[in-house]
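Asks: Produce the entire structure from the sequences given, and follow the hints as far as they go.
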Amino acid sequence: MTTVLIVDDEPQILRALQINLHAHGYIVVPAHNGTAALLAAQTHPIDVVVLDLGLPDMDGLEVIAGLRGWTDVPIIVLSARHGSHDKVQALDAGADDYVTKPFGLDELLARLRAASRRAGTTAAEPLVETAEFTVDLANKRVTRAGEPVRMTPTEWSVLELLVRNPGRLVSQQQILSEVWGPAYAKETHYLRVYMAQLRRKLEQDPANPVHLLTEAGMGYRFAP
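25 is the number that the UniProt record's numbering gives to position 25 of the sequence shown; each next residue is one higher, with no gaps.
Misleading hints may appear alongside valid ones.
The calculated label-pair distances, taken between Cβ atoms and stated as ranges, are [claimed, not checked]:
#, residue 1, residue 2, range
1, 186, 15, 29 to 35 Å
2, 118, 156, 28 to 34 Å
3, 45, 171, 36 to 42 Å
4, 140, 65, 20 to 26 Å
5, 132, 15, 27 to 33 Å
6, 145, 213, 17 to 23 Å
7, 3, 153, 21 to 27 Å
I should point out that these hints are in silico values taken from the structure, not numbers from a laboratory. Keep in mind that this is a model prediction, so the values were computed, not measured. C-beta atoms are modelled at their ideal positions from N, C-alpha and C, and glycine is treated no differently.
Replies: Pasting the structure below:
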């Protein structure tokens with residue numbers, strides 16, 4: 001069965017799509033904002049994403065960028081934005097299709113079938129290796145010099161988010177929102193503490209990291 005991640009902050013639309021897609025044989029994973037969507041995509045075997053752009057915590061384009069950092073899962077934008085500029089932006093960001101609201105269920109089902117046909121095999125969970133440590137995303141394990149590194153759930157969540165976006169700047173707000181929740185988006189001291197802990201565990205010289213890098217005032221970047 002095809003698993004669809006539906007991302008929409010309108011409860012009525014979310015509920016209606018859940019009921020109708022389930023009736024047509026789909027497994028539905030709902031998410032009411034971008035943070036929940038990115039977390040769901042990392043914790044469920046998603047086959048297709050149906051994404052609204054107008055989300056309360058981040059723009060849908062940011063969700064597309066976050067997904068495209070590590071997966072090629074088909075993304076169908078379902079948005080009230082009708083302008084050609086919005087469509088071009090979404091498609092350029094990595095969306096595969098664009099449907100405007102209001103929409104017909106038959107059309108959406110047809111586009112879901114088309115997206116499922118185009119999709120290849122589920123993106124493999126990579127084994128990310130650096131000179132100092134290895135991150136096994138599939139099994140949620142970190143090793144250093146062949147020995148397992150003990151991680152707290154929060155440390156793992158921060159590391160996983162960075163490793164899934166190699167070379168990309170991940171903002172402080174995105175990490176805080178995804179790991180701790182939107183209410184913690186300004187609690188930057190949390191990040192300083194956990195990044196220091198990760199560097200002590202993983203970097204050869206924690207005071208001069210080469211893999212877990214700080215972009216002052218903006219966020220953090222993982223350099224493989």
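Asks: Taking the hints in turn, state whether each one holds.
Replies: Quick rundown of the hints versus the structure:
Taking 29 to 35 Å as the suggested C-beta distance range, the pair residue 186 and residue 15 conforms, at roughly 32 Å. Against the hinted window of 28 to 34 Å, the Cβ-Cβ separation of residue 118 and residue 156 comes to about 32 Å, which satisfies the hint. Separation of residue 45 from residue 171 is about 27 Å and departs from the stated range, judged on CB atoms against 36 to 42 Å. The hinted range of 20 to 26 Å is satisfied by residue 140 and residue 65, whose Cβ atoms lie roughly 23 Å apart.
For residue 132 and residue 15, the hinted distance range of 27 to 33 Å is not satisfied, since their beta carbons lie about 47 Å from each other. In this structure, residue 145 and residue 213 meet the distance hint of 17 to 23 Å, their C-beta atoms being roughly 22 Å apart. Taking the beta carbon of each, residue 3 and residue 153 are about 24 Å apart, inside 21 to 27 Å as hinted.
In terms of the numbered hints stated before, the structure departs from hints 3, 5, listed from lowest to highest.
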